[in-house]
Structure formats: C-alpha cells, structure tokens
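For this one, chain H is given, so just place chain Y on it according to the hints.
Protein sequence lines correspond, in order, to chains H and Y. All letters in the first sequence, in the order written, are residues 1 to 366 by full-length UniProt numbering. All letters in the second sequence, in the order written, are residues 1 to 366 by full-length UniProt numbering.
Be aware that a few hints might be false.
Same chains, same names: a pair is fine if it fits in one copy or spans any two.
30 angstroms max Cα-Cα, derived DSBU-like pairs, lysine-lysine [said to hold, decoys possible]:
{"id": "1", "residue 1": "LYS92", "residue 2": "LYS156"}
{"id": "2", "residue 1": "LYS269", "residue 2": "LYS250"}
{"id": "3", "residue 1": "LYS92", "residue 2": "LYS198"}
{"id": "4", "residue 1": "LYS156", "residue 2": "LYS335"}
{"id": "5", "residue 1": "LYS243", "residue 2": "LYS220"}
{"id": "6", "residue 1": "LYS198", "residue 2": "LYS45"}
The hints are simulated quantities; they were obtained by calculation from the structure and are not laboratory data.
Now for the letters of each chain:
2 protein chains.
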Amino acid sequence: MRTLDVQAIEDIALGAAVLGTGGGGDPYVGKLMAIQAIEEFGPIKLLEPNEVPDDALIVPTAMMGAPTVLVEKVPNGEEVIGAFHSLESYLKQPVYATIPIEAGGVNSMIPLALAARLGIPVVDTDGMGRAFPELQMVTFHLHGISATPMVLCDEKGNNIMLNTVDNVWTERLARNATVVMGGSVMLAIYPMTGSQLKQSGIHGIVTLTEKIGRAIRESKSQRLDPVQTVLQVTGGFELFRGKVTDVARKTVGGFARGESKLEGIDGYKGETMTLNFQNEHLIARTEAEVLATTPDLIAVLDVETGRPITTEGLRYGARAVVIGIPCNPQWRTDKGLATVGPRYFGYDLDYIPVEERVRNSKGGQR
Amino acid sequence: MRTLDVQAIEDIALGAAVLGTGGGGDPYVGKLMAIQAIEEFGPIKLLEPNEVPDDALIVPTAMMGAPTVLVEKVPNGEEVIGAFHSLESYLKQPVYATIPIEAGGVNSMIPLALAARLGIPVVDTDGMGRAFPELQMVTFHLHGISATPMVLCDEKGNNIMLNTVDNVWTERLARNATVVMGGSVMLAIYPMTGSQLKQSGIHGIVTLTEKIGRAIRESKSQRLDPVQTVLQVTGGFELFRGKVTDVARKTVGGFARGESKLEGIDGYKGETMTLNFQNEHLIARTEAEVLATTPDLIAVLDVETGRPITTEGLRYGARAVVIGIPCNPQWRTDKGLATVGPRYFGYDLDYIPVEERVRNSKGGQR
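With the rest of the complex left out, here is chain H (with noise of 0.2 angstroms):
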C-alpha cells in the first residue's frame, strides 16, 4: 500500500490523458475533484491486488456521458456517494475499496475523489488499461462478472437501480438513462468480490498512468523529448506526425462520434492520417494502409510537449504526434476481439497488432 498525493494526481492525471486515447473525458475537471477531496480529506491510500482479501466487495465507479457533454458541466462529487451507497445499502455489505472502471481519462479520476470522501483504498488495477466507449468493454465481463446491480446518479438528485440479464442490457439502458439525465451522471456497478478482482482486472495500471505523467512531466527538466520517453515507458510506436486538417464530430446516442485528418509533416510530408473514432480512438491510417486498430490504443500528443491531445482538444493546424501502444493481452482472445475489435465497431477490417503493423509498414520507421 501507499499513500497518493496531489503531485502523485497530477501526474494519474496525466497519463491517463494518454491511456484515453482521444476519449475519456478531460481529465483537468476530474483532477480538480481529486484534488479538492485530497486537501480536505487527506492523501488516498493504493492498494496493491494482493493486499484485498479474496471475500472483500469491491466496487468500481466511474462517470458516463459523451466527453463533449463532460466538459459541459463539472460535477459536484456527491452524485457518485450517492450512487454508492445504494449499492451498498442494497447488497447489505460495506464496500471494502473502489476501483477504476477505466484508467484511462477523467474516470481515473472519480474513484479517487470518492475513495478520498469516503475514507476507503482504491485498488491499483482497473477493467480496460485504457478507456472504451462502452459498458460491456471491461475484463470483467470477459471473465463472465455481471455489471449489475448498478446505479446510476445524475446532479439533480435521480437514482436508477439496473438489475440486468447481462452486460450488453446494462449498456443499453445504463446509455440511454444517461442520454435523458443530460448527458453525464455517476456509476457504481461491477459489484465483485477481491478474488474476481485478482482474477479478472488489469494490475498496476494506476501505477503506469503515474509513470507515465511523470515521464512527460519529467522530460523537460531531464532535457529529454516527451514524446520519446512516452513511448518508452508505455511501450508504444510513433505512427505519424501532422498538422491536423480537419475534425467532424458529433453526439450521437450518447457517444462522441467522427473523424479527424492530419496532413504529414517530417518525414511524412505529403501524406495524410484519418482517425475515426467513438469517444476513443478506433482506428488510425494513411491513404496506404491501417497503422493501428482497437484493442490497441492510439493516442495523440503535442509534438512539442508530448502532451496529449483528447478529440475534443484537437484544433485545426495543432502539430501532433500519433502513437500506437499495445493493449493488454486479455483483449486480444476470441472474446475480448468480439468485444473490441474493430468489426464490432462496424470497420471491416481484421485486428492485427499495432507491433506487426508497424513492423510490415510500407513507410517503414520514419
């Protein structure tokens, strides 16, 4: 166990910019919760997964609504206590620690705010080790563990309790309450137990959003390039760099929905890169070929500062960088492909990892 701070947020924060692929939410607004709950309920204890006993209740937490909606409106922190103990009320068992559905974007964020207020750990493990657009779109549910019950709770004071028959219902309905609530409210939901925790979940994924805010924090001081230094801790691939030429976004059912284009620079002048993506990052290619697809994370940062770049940050004429890091392995089975490949988001295109793509490129290592 240890103890996180708010440098230890910033950098969470961070990193996890990265690991939201375009998605997630801004994280600014959710670190600011976190910090806040830190300064008046002191630093949030990390628990390692080996550290949570096999019959403790764990239950993830998260914010839901298309990221354009998100920036729209900055919640107060309470819904999120309310959606918990509901929970909690009704499976009459004290919540042992919180965890991130997803460590990637602003949902990094919430179970800290609410691990802080309600004096519980978080748990060093998350569902995704990045950010997904959907509910079903966790470990959790590759290992068979129900979303429900689950609450959802938005600002005005609305509470829904789902008892589903399975995790795609839970979307389906968790999704479109969200929709009428007005586009952003708070969940507690994959109720499990710490032995399917250690089962199920992607481990030390907090710890690497950590390392991986503090690498671009660090980079300058180090006189190192950030962009570089991303790559090394993640393990990911450059895929382009350009000028971004164009973005058409829109909300549709919930989701932020488009395409965005950049126009080589360096030595990938006069080509052009697409990205198409729902909330995150799906698929990222030239006019040649498919340079990286869901499951694997595709993510944008400034040129100058490796900072990254969420879709709804993206502005014409910024200079970024597109990187290709690999997902965890638990996506890439039959199951995990049949819930976030690429032909389940409706591109016709076969998954093939962002390391073989890289290495087959016609560009080659520019």
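This is chain Y only, laid out in the frame that chain H set:
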C-alpha cells in the same frame, strides 16, 4: 368487500375499454391474464376504500408502452410480480393491496391478475378515472404523492428501480427505459398509504367499469340501444356518428400518436369529425366546432353493438358513434388542467367542459 369472478372480469374489461378513450391497449389480452389468474388462484377480492387501514401500503400496478406495441407482445404476468416484490423488498413492508393506475384499458386488468396470483385484494379506486398517456397524469400527482420509488420489469428479466426528483422525471426516465426495453414493461409505482389513497384516488371506478360493461352486454337481451345505455350509465353525450374514412397513426417516443377522421352518417351527413390522439383521444372536432377535449373522455363505440373501439381497432369504413363523458372533477382544477388539459398536449385550446360544449353546440342535439 366483494369478490370478482370471471363474468365480472369480462364486464370490467369491456367497460374499461370505453373509459380507455381509444387508448389504454386492447383489454382482451389483459382480460385473458386476469381470467387465467382467477381460474388458477380463485376469485379476486375487491375492497371499498373505507376498508383500507390508514397505514397500509398500497402499490398501484400497470403495464407501460404504446398500445400498438402491447398488441404485439403478450405479457406472461411474471414481470409484474418481479416488479412488485422488488418494491416490497426495498420498502421493507408487505403490500396490503394493489389498485389500477388507470381504470381504462389493459391496466384495469393487470392489477386484478396480480392480486389473484399473490392473494392480495384490489381496492375499488384508480388514479385517472379513464386512461391517460403519461405517468404523472394521476390524481396522486395532483396531491403531491411521489411516483417513486418505483420498479419497471420487462419480460426478459431486466429490472429497473427509479428514485427521481419529481414525477415528470419519472415519466421521462420510465418512458425511455420502456422504449429501450422493447416497448412493453410492467410497473409497480406510486407506493402510498391507505390514508393517501383515500384522500387522492378516484373511488368506485372498478365498479363503474363493471356497470358499463354489463350494460353493453345486457342491452341486446333487454332490447335496448347499447349506445344509449352507455350514455346513461356514464352520464355521457353523443357527439357524432360516422363512417371511418382515415386513420393516421405512428409510434413516436413511446406513444401512438395520430388522427382519425369520420364522415358523418344519419343526422351528421355532410360533416366530418377529426379525432386527435396520443394513445388516448384528446380532441374531438368537426369543421365547425370543437366538441370535446381532454381531460373529458372521448370514446368511439360501434354503432350496432355499443362496443368500444380502440385506435388500433379503427378500420376504414367502420360505422361508429363518438361520445363525450365528463371527467372526474379533480381534473378540472387548475393543477388538473395544467397536467392534462389541451395546452399541456400542445393544442391551442382552452378547456371547456363537454356538457357545456354540447349544450352550446351549433349542430344542436341531432
């Protein structure tokens, strides 16, 4: 207290279709459920409101969904039991009795089937005195009673418990969930005390629907005009007689919305009546004048048999009588009209009681 047998169910279902004012679903399906429940579990106990203890827990039950969808999906009864037990569990109190939310349409039958199955009584009271399309359109709402906690269940086993900030949010969230779940769900809603029921409900309504149904049934053997007997029992007025020439109906946002037209016959030759509906009929007008509006009841009866015709049942060429029945006085209050008056539904019309409209009608009594 008295018991309801199969004949009573038949009469109630028929009378409920009159008070269903064109909507409320086809009671035939609900009738089968109730009759089957009686045959399996014995007659149903119908209590007078005065027999209910002040501190008893009363939970209205209903089905929800656009009537056009309800006709397609036959419910099996299990869902409402699931909804009911979830709420009992949450409120930590056994339910003393149930009542219909609305005495019009299929929802006259649902609580009867449930009551027979669970061995609890039904109280001779509802919240509308007819059918209305939205969940806040009940006298309980006028009296400040909260619709939540409430539970919705579908036939697949999905179960949603809502706790909302107001009854309009309940309608919004429940309606949306209904559309997502496939259009037809069971509800346990507006949990209240016996005292609240006595203060706010519309009493004697189940008995009234039974009288209407019996009057239609017996008119043939008594050589009476069935339409006249309906008018007598309900205190209603004939508004028009015509042949159905047009029905335009579509399911939008969980409601069956549309308009039907009748070409006048007998004393109404040369005139055309238009009926606007949102599940239930809302406006009845000719080219010359408006003859009735919500919240007064507008029902369509078969010219020969006096049997009510729902909007799904309207066929080109059918010869029908359109009747108007004064609504319960609770709906004529300021809050009542704000909740169910023409302007709530978007019609630029003031509410004038049907008895006044008929009295002042240019067409006179034909």
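Each hint, compared with the structure:
Taking the closest pair of Cα atoms, LYS92 and LYS156 come within 30 angstroms of each other both inside a single copy (25 angstroms) and across two copies (26 angstroms). Taking CA atoms no more than 30 angstroms apart as the test, LYS269 paired with LYS250 passes inside one copy only; the shortest distance there is 29 angstroms, against 54 angstroms between copies. Taking CA atoms no more than 30 angstroms apart as the test, LYS92 paired with LYS198 passes inside one copy only; the shortest distance there is 22 angstroms, against 35 angstroms between copies. In the homo-oligomer, the alpha carbons of LYS156 and LYS335 lie at most 30 angstroms apart only across protomers (24 angstroms), although the nearest pairing inside one protomer, at 38 angstroms, exceeds that limit.
When the C-alpha separation of LYS243 and LYS220 is checked against a cutoff of 30 angstroms, the pair qualifies only within one copy, where the shortest distance is 23 angstroms, while the shortest distance between copies is 83 angstroms. Proximity of LYS198 and LYS45 under a CA criterion of 30 angstroms is satisfied intra-copy only: 18 angstroms inside one chain copy versus 54 angstroms between copies.
Hint compliance for this structure: every hint is met.
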